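A.B. asks: As a plain string of letters, each chain reads:
There are 4 protein chains.
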Amino acid sequence: MTQVAIIGAAGLSGLELIRICSRHPGVELVAVSSARYAGQAVGEAFPELSRVDLTFTPHDAALNGAQAAFLAVPNQASLEIVPGLLEQGLRVIDLSGVFRLRDVPRFEKFYHLQHTAAAALREAVFGLPEVYRERIPAARLVANPGCYATGALLGLLPLGELTARLTAPPVIDAKSGVSGAGGRVEDESTLFMAVSENFKAYKVFTHQHTPEIEQVLADATPYDPARQGPVVFTPHLLPIARGIFSTIYLRFDRPVSRSAMWTAYGDFAAREPFVILLPDGHSAELSMVRGTNDCVISLHADETGANWVVATVIDNLVKGAAGNAVQNLNLMFGMEETAGLA
Amino acid sequence: MTQVAIIGAAGLSGLELIRICSRHPGVELVAVSSARYAGQAVGEAFPELSRVDLTFTPHDAALNGAQAAFLAVPNQASLEIVPGLLEQGLRVIDLSGVFRLRDVPRFEKFYHLQHTAAAALREAVFGLPEVYRERIPAARLVANPGCYATGALLGLLPLGELTARLTAPPVIDAKSGVSGAGGRVEDESTLFMAVSENFKAYKVFTHQHTPEIEQVLADATPYDPARQGPVVFTPHLLPIARGIFSTIYLRFDRPVSRSAMWTAYGDFAAREPFVILLPDGHSAELSMVRGTNDCVISLHADETGANWVVATVIDNLVKGAAGNAVQNLNLMFGMEETAGLA
Amino acid sequence: MTQVAIIGAAGLSGLELIRICSRHPGVELVAVSSARYAGQAVGEAFPELSRVDLTFTPHDAALNGAQAAFLAVPNQASLEIVPGLLEQGLRVIDLSGVFRLRDVPRFEKFYHLQHTAAAALREAVFGLPEVYRERIPAARLVANPGCYATGALLGLLPLGELTARLTAPPVIDAKSGVSGAGGRVEDESTLFMAVSENFKAYKVFTHQHTPEIEQVLADATPYDPARQGPVVFTPHLLPIARGIFSTIYLRFDRPVSRSAMWTAYGDFAAREPFVILLPDGHSAELSMVRGTNDCVISLHADETGANWVVATVIDNLVKGAAGNAVQNLNLMFGMEETAGLA
Amino acid sequence: MTQVAIIGAAGLSGLELIRICSRHPGVELVAVSSARYAGQAVGEAFPELSRVDLTFTPHDAALNGAQAAFLAVPNQASLEIVPGLLEQGLRVIDLSGVFRLRDVPRFEKFYHLQHTAAAALREAVFGLPEVYRERIPAARLVANPGCYATGALLGLLPLGELTARLTAPPVIDAKSGVSGAGGRVEDESTLFMAVSENFKAYKVFTHQHTPEIEQVLADATPYDPARQGPVVFTPHLLPIARGIFSTIYLRFDRPVSRSAMWTAYGDFAAREPFVILLPDGHSAELSMVRGTNDCVISLHADETGANWVVATVIDNLVKGAAGNAVQNLNLMFGMEETAGLA
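Residue numbers (numbering that gives the first Met the number 0), protein chains in the order written: chain S, 0 to 341; chain A, 0 to 341; chain X, 0 to 341; chain E, 0 to 341.
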């Protein structure tokens, strides 16, 4: 059994981590922290978790012998806490955005934050198993990907060499449930009256997951932003609790055949335990992944075959956050990659 | 044309007042105030109201010659502002709760607030036209009813003499959309993640509209709380924006015939411009009143005829707030009672 | 491992049964049937269940060696199918309403259906473990309770002897998500446009779960409908997917103390694995039970202590259907009562 | 007063037409038809319209002296009914799709329907006042635009000459509330359980509003699909009742300055009574247009200025259907263009 702590366990991602870990056959949850609920039993604060026999501690409490820690705290807090955890010998899976971008100036531009943990950043491994599976097992610090980045990347990565043939940058039109936008924060934009029966775009051309998408795409495919143009990404807020739907527009130099596309995406899905490709004629929808660690993909061509739409769906709190983090834990501690997640 | 000001015009009730007044054939809107938006054009802050050619002022700005003012501000602010307005010679329709209860100790118990405007309270008329229509035209200060009280009372008042035969207090199980619970306030309980796909009761046995229901019921019917027991009222929060559904349980000493009930409620509906009684076999639902000043009522008997359920629906922002307030304005200034509302 | 079949596996309850059984450590799912999807792989029809390696069969296909069958089909179909299954030696947990009421004329009145399986009915055990736990292990046929009945009964049963002191029948005002009203049926009343931003009562005084509540209450408590009046029950439709909230109004002959109530309900919760009593001052809400087999209860007294409100919440697809059915299976086959459910 | 009939008055667009017409100062509603509700009073079938004193007739009933008819019936029915109405001397505003596309083979391909009213089609004027305002006053038959087409076109038309500089076809990612997808039809895809907490794309690359967008864009701008590629359009289904949000991606040959864009869109908004352009830094959202005939537009540039996002919002039942139809009626009968709509 791997002894695990969750720091920031009462936020949306933290609660999802508790839920998954408490049913995971190889994990023993030894500590959960929350600034707000410190001192309260988990089941008292959240009756739906009343079978979890732990009490929230403050963030700086001892971690009770944990070997690994999930961090689900704000960006600035992660910068401050992670170096100390590494020093104590813990292995860390960080769900914030601060250890994802290798390019510090780019990070500081998109996050409006100074990076104060350069050493930790240098050793961080980007925690998208579909690309970095070989490096994760040895990592001390894994940067769990942003939810939008995961939804977009799992729709683009299967293209592989085909990305070289794009004549326009991919356009990613993403729609997220409220939990992906920090649902428990006291933010007027997430009030019921502001979200329900409404829909809007936000951070157009400025969202911090954009450089993340480009960094990984450049690592894994021949896509060249300098020549083909930077990725276009627009996040929108859906009046639902969970899920990210990404509509990805691809424009190729000449037609790509159905068989070429289904082969590329089918091969990817065949080797990935959490990627499901729908057959021709079917369309991905959010209900297909609610509560699961899966990414479901559907493919759609125009008459010419030069324009394609790739649709991907994930649960932003599972594959987009807690589930993917546990997938990383499994890889780091030599467990079955799907343990606790299938 | 009646010159009208709205103080607290950028809250939910205030915006609804702007909407109704800007289409009202007998009203000229001369001033709208908002602490938060002071200095901004209405259409800039709320593009859906871009045809309203006014700029928000601070609450204490001059009222530009207004003859009447709607107040849609918090309870404490109403206590402070109303006496000054009356002194300036304005006629006031107050949407807060502070001028509704004649019994000051009762008020202070339910509102946790000291009453500092006793003189104004003494002259206030309760603004439910269905009961106090004769007194409203001469009033200087009208206390617009609470939304829950209106939904409950319009389902109970038609009983008239029949209330004497209730062998148990009426049970009012009410369900309100979020706007009835102060939707734009930064309150964690009205976050999308807290409301959506959820349902809960709140303030069970302690809600401040309870004494309002009892006061009006005692004024208008032979109902005797001392003998029959105090009204039982439970508010709940629905995951919708607007509307209050009240399920009212009546238990009579002996069967009441269908014809007696439909006569009692039918007579009431026939003389009230905003009360609609459904025929036997039909059920009220919230969609029937969305955006209207109507109260729709349906009646349901058990096999014995001694137990009845009365269901009422109103739009809490219209008949439960702004629409009813304009109905009062119409009565106060000798306009057609339905002007601007049908 | 218990070999289990699900007949009617593609409806809402059926899918929930698949979900629970596929993670249950003591259950092997050997057959799933669906008239509509017969011949399709489960994961093809429902990508979110793509890890379930089974293909839907027609209802009358061989059950592949199953020892037990869950039936989640319409009432008439259960009447026709159950006797044959019993004859084949299977043990059956039926989720329809046709084996719940011992009083056949009462059944026929509320269900508008002739009862054609009298022998099966005679041996059926009502599957509410909180009352009939001793009889379920030996049963061949278990009638899983109605979702509304479970929500109401778990709020009333803890009263025990206190029911004798009720001076009015309990009023149960229940609010259910759409899945409790047959969400996938092509019924205009469950269209998005008919449900969203709406709320309504239905089947007032005529819902078929009413006699079920009375039958069990009479079995387990001194409550006497003849003297105290028949239970008053009103179902309403909430614009959410899952969950039943029951607001139960109790009126006692004289005050009942807080300690008496918390003792009665606390004892009940202490011996029941799926009943959680909230501490004084807390309120039950649907989010506390979503996806779980729990019933969470909160208690609320008026100033006198003679009027109480009991609020209960369950997930109608879990404790109100599939989860409770698996709890019955566990009891029938000597497994841990909570296996696969906690 | 213009005497008006509504054929197909009990569908979503028809009910919205009743609502608008019944408050329109220059319109007298003389007949409303509905196959389903024929014989019922409007207020009996729809209590929220109880002030409309008309009874539904069958579609083929006499039109009671109407000068103009709105048609809100399915495509095939419009093909059959319109020629007869024109013959009787009525002027017709048709809300179906069958008189919008001049190119009959293209129509038949996208609508899977044979066109049997060629003469009527030849004289039909496309009812988008923002483009065809000069021709509408003399038209006998106006084809009211598709809701998606209106949302997309109002975001593209202001570009004018700038369309010549697009180096990729515009990508229109559109999201519609359920009422835009035929909300009262008994269609499983619009059940609450299928829509709520879900999101999906549909008819990718095959939606019938695509050729409509191209036809009008070619009429009004130098955009050349042959050279620049056909418009890419993807509709999605939002879990809300009303509203269409269109995210439009534009890629220019070289940077377009902020001032050039705001001038182009600002000029358009200045001359159009129902188009509102938001200032730089603001984002369009659906709540800004709910219940109004407005289209609100926001503009967003990337750092280079070569990539722009245009966001437009309309209420699909008002500017996307009934409101725009009344705007056409106003033009046809010499009334103020905004009468009944502001």
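If you are wondering where the hints come from, they were derived from the structure by calculation, not from laboratory data.
Just so you know, these numbers come straight off a predicted model, no measurement behind them.
Hints are supplied without guarantee of correctness; some may be wrong.
As the list makes no split between identical chains, a pair holds if one copy fits it or if it spans any two.
Computed list of lysine to aspartate or glutamate pairs in EDC-like fashion (alpha-carbon distance at most 20 Å, straight line) [what the hints assert, rightly or not]:
id, residue 1, residue 2
1, K108, E213
2, K108, E336
3, K108, E302
4, K202, E133
5, K108, E271
6, K202, E336
A.B. asks: All hints are to be evaluated individually against the structure, with a verdict given for each.
C.D. replies: Structure-based check of each hint:
no. : hint        : result
1   : K108 x E213 : within (15 Å within a copy, 39 Å between copies)
2   : K108 x E336 : neither (35 Å within a copy, 48 Å between copies)
3   : K108 x E302 : between (41 Å within a copy, 13 Å between copies)
4   : K202 x E133 : neither (34 Å within a copy, 40 Å between copies)
5   : K108 x E271 : neither (33 Å within a copy, 39 Å between copies)
6   : K202 x E336 : neither (34 Å within a copy, 36 Å between copies)
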